[in-house]
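Q: Spelled out, the chains give:
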Amino acid sequence: MQLGIVVGRVTATRKDPNLVGTKLLITQPIQLNGKASSSGPVIAVDTVGAGIGEKVIYVSGSVATRGMSKKEAPVDAAIIGIIDTLEYEELEGVNL
Amino acid sequence: MQLGIVVGRVTATRKDPNLVGTKLLITQPIQLNGKASSSGPVIAVDTVGAGIGEKVIYVSGSVATRGMSKKEAPVDAAIIGIIDTLEYEELEGVNL
Amino acid sequence: MQLGIVVGRVTATRKDPNLVGTKLLITQPIQLNGKASSSGPVIAVDTVGAGIGEKVIYVSGSVATRGMSKKEAPVDAAIIGIIDTLEYEELEGVNL
Amino acid sequence: MQLGIVVGRVTATRKDPNLVGTKLLITQPIQLNGKASSSGPVIAVDTVGAGIGEKVIYVSGSVATRGMSKKEAPVDAAIIGIIDTLEYEELEGVNL
Amino acid sequence: MQLGIVVGRVTATRKDPNLVGTKLLITQPIQLNGKASSSGPVIAVDTVGAGIGEKVIYVSGSVATRGMSKKEAPVDAAIIGIIDTLEYEELEGVNL
Chain R
1 MQLGIVVGRV TATRKDPNLV GTKLLITQPI QLNGKASSSG PVIAVDTVGA GIGEKVIYVS
61 GSVATRGMSK KEAPVDAAII GIIDTLEYEE LEGVNL
Chain W
1 MQLGIVVGRV TATRKDPNLV GTKLLITQPI QLNGKASSSG PVIAVDTVGA GIGEKVIYVS
61 GSVATRGMSK KEAPVDAAII GIIDTLEYEE LEGVNL
Chain C
1 MQLGIVVGRV TATRKDPNLV GTKLLITQPI QLNGKASSSG PVIAVDTVGA GIGEKVIYVS
61 GSVATRGMSK KEAPVDAAII GIIDTLEYEE LEGVNL
Chain Y
1 MQLGIVVGRV TATRKDPNLV GTKLLITQPI QLNGKASSSG PVIAVDTVGA GIGEKVIYVS
61 GSVATRGMSK KEAPVDAAII GIIDTLEYEE LEGVNL
Chain B
1 MQLGIVVGRV TATRKDPNLV GTKLLITQPI QLNGKASSSG PVIAVDTVGA GIGEKVIYVS
61 GSVATRGMSK KEAPVDAAII GIIDTLEYEE LEGVNL
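Note that the protein sequences, when read in sequence, are chains R, W, C, Y and B. For the first sequence, the residue numbers in this note's numbering are 1 to 96. For the second sequence, the residue numbers in this note's numbering are 1 to 96. For the third sequence, the residue numbers in this note's numbering are 1 to 96. For the fourth sequence, the residue numbers in this note's numbering are 1 to 96. For the fifth sequence, the residue numbers in this note's numbering are 1 to 96.
Just so you know, the hints here were simulated from the structure itself, not pulled from any lab data. As the structure is a computational prediction, the values presented were derived from the model and not from experiment. Possibly wrong hints are sitting among the right ones.
To be verified - Facing chain B, a subset of chain C residues (Cβ under 8 Å, in silico):
id, residue
1, V7
2, R9
3, A12
4, P41
5, V42
6, I43
7, I52
8, G53
9, E72
10, P74
11, V75
12, A77
Stated by the list, open to error - Pairwise CB distance ranges, derived in the manner of DEER restraints:
id, chain 1, residue 1, chain 2, residue 2, range
13, Y, D84, B, G53, 19 to 27 Å
14, W, N33, R, I52, 12 to 20 Å
15, R, N33, B, G53, 38 to 46 Å
16, W, E87, C, S69, 46 to 54 Å
17, B, R14, W, T13, 52 to 60 Å
18, B, K35, Y, S38, 17 to 25 Å
19, Y, K23, W, K23, 44 to 52 Å
20, Y, G49, R, I52, 34 to 42 Å
21, B, S69, Y, G21, 28 to 36 Å
22, W, G21, Y, E87, 52 to 60 Å
Note that CB positions come from ideal geometry on N, CA and C, so glycine has one too.
Could you build all of it, start to finish, from the sequences and the hints given here?
A: Below, the structure is given as structure tokens:
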């Protein structure tokens, strides 16, 4: 999984029927310090009630629909948790 | 999922039988501001009636055929929505 | 899917039994203009009778064996079409 | 699989029900010499009792839940071994 | 699939039960000329009897366990062939 921050939302009237009713969130991958990482935003389905500005955990690939009611939706990314805390240590020789 | 813009079409007479009748669209990944991102175009199957110049959402991986009639086609990318609007906020310290 | 050009072939006597009889083609990803892209070649199973110098469409991931007779082969890339034409437009602000 | 070092832990109260009780570890990919590689940390589920500072092997993609009791969890990365030793040779012309 | 060279081995006493008895090989991706590519090594399960210094073909993703006896192992990379020869042509305008 990756860390991200929800920055917005996509609306699409013409879409796959299995996406009707889903919330498509623009999610920017972030580093441990909360800054945006170099890779661009992904569009992830919200499965946990995430909102703009919240830091989240998102999952990629075919497992992304596991938290959705429509398991057969054509979806490759989903928000599966909202971060409370990140605890980590700066280990010697490991550059975070 | 990723944001993209449809820029063209590929035609192939010799192809997998399960691709007959599919529309193979050249789709350039884009940033939130609509500019092309640094990664090159992907060839995605159209499942929503997308046309040249339209901004779309596309999905990658084994779930890509979920919106196709031929679920067993050898396809790893599909357009699954046409973008109406992108709403997003420039969050402090997040570089979009 | 990605665009590529077939540049060669790999032979391997010691290999997974499900690969016996497959043609393993060295396939260089290319840009729309036909030049090699920056990522290196992949080894893709031929499912459409592709030859050296032909421009092709290849698919990646678990769906790659869908065009093979041995569906359970350990294969993550396959050539699934031979390109006739690429039609595309240079859209304003989109850098192809 | 990739080599990594466990550097911390994520806590999330609001999360997918299938993640309740899982340990979500911040795992930094490392090179053979133990230094961090250039790609950022991943969040991986612990399936082998890994702790902070331990060097581990982690797996990515849909197979990640195979070592978990909840096989249907929306998880795309898991720690599946704790490294005892890495033995390798500097081969001529191969730059590790 | 990708080309690689086996450079070493990982040992792990604490690991997923389905990995007991597997050979976990440190495999460096290589270019057609045999030089290491820029991406770092992967840990791949040996399914064909590969040894240190041998040039191999490896597969990534959920299909990696297809050549293993334990199909449910949490494995995302496997060596599935040992290269005899690479035949390829320098095509005009294609930069290998």
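Q: Would you mind marking each hint as holding or not holding in the structure?
A: So, going through the hints one by one against the coordinates:
With a cut of 8 Å, the hint placing C:V7 at the interface with chain B holds, because the nearest CB-to-CB distance is about 5 Å. Checking C:R9 against chain B: minimum C-beta separation of about 5 Å stays under 8 Å; hint holds. This hint holds: C:A12 has a C-beta 4 Å from the nearest C-beta of chain B, less than the 8 Å allowed. For C:P41, the interface hint holds, the least distance from its beta-carbon to any beta-carbon of chain B being 6 Å, beneath 8 Å.
Interface hint at C:V42: satisfied, since its Cβ lies 7 Å from the closest Cβ of chain B, which is below the 8 Å cut-off. A hinted interface residue such as C:I43 counts as satisfied when its beta carbon comes closer than 8 Å to some beta carbon of chain B; here the least separation is about 4 Å, so the hint holds. Proximity of C:I52 to chain B holds as hinted, the smallest CB-CB distance being about 6 Å (cut-off 8 Å). Hint on C:G53 holds. Least Cβ distance to chain B is approximately 6 Å, under the 8 Å limit.
A least Cβ separation of about 6 Å between C:E72 and chain B falls short of the 8 Å threshold, and the interface hint therefore holds. The interface hint given for C:P74 is met, as the beta carbon of that residue sits about 4 Å from the closest beta carbon of chain B, less than 8 Å. The closest approach between the C-beta of C:V75 and any C-beta of chain B is roughly 7 Å, which is under the 8 Å cut-off, so the hint is satisfied. A distance limit of 8 Å between C-beta atoms decides the matter here; for C:A77 the minimum to chain B is near 6 Å, and the interface restraint holds.
Range check, Y:D84 to B:G53: Cβ separation about 23 Å, and the 19 to 27 Å hint holds. Distance hint for W:N33 and R:I52: a CB-CB separation of about 18 Å, consistent with the stated range 12 to 20 Å. For the hinted restraint 38 to 46 Å between R:N33 and B:G53, the CB-CB distance of approximately 41 Å keeps it satisfied. A C-beta distance of roughly 49 Å is found between W:E87 and C:S69, which places it inside the suggested range of 46 to 54 Å.
The hint said 52 to 60 Å for the Cβ distance between B:R14 and W:T13, and at roughly 55 Å that hint holds. Checked against the hint of 17 to 25 Å, the C-beta distance between B:K35 and Y:S38 comes to roughly 19 Å, which is consistent with it. Taking 44 to 52 Å as the suggested C-beta distance range, the pair Y:K23 and W:K23 conforms, at roughly 45 Å. For Y:G49 paired with R:I52, a C-beta distance near 37 Å keeps the hint of 34 to 42 Å intact.
A hinted range of 28 to 36 Å holds for the C-beta pair B:S69 and Y:G21, which are about 31 Å apart. Our hint of 52 to 60 Å for W:G21 and Y:E87 holds, since their Cβ atoms are close to 53 Å apart.
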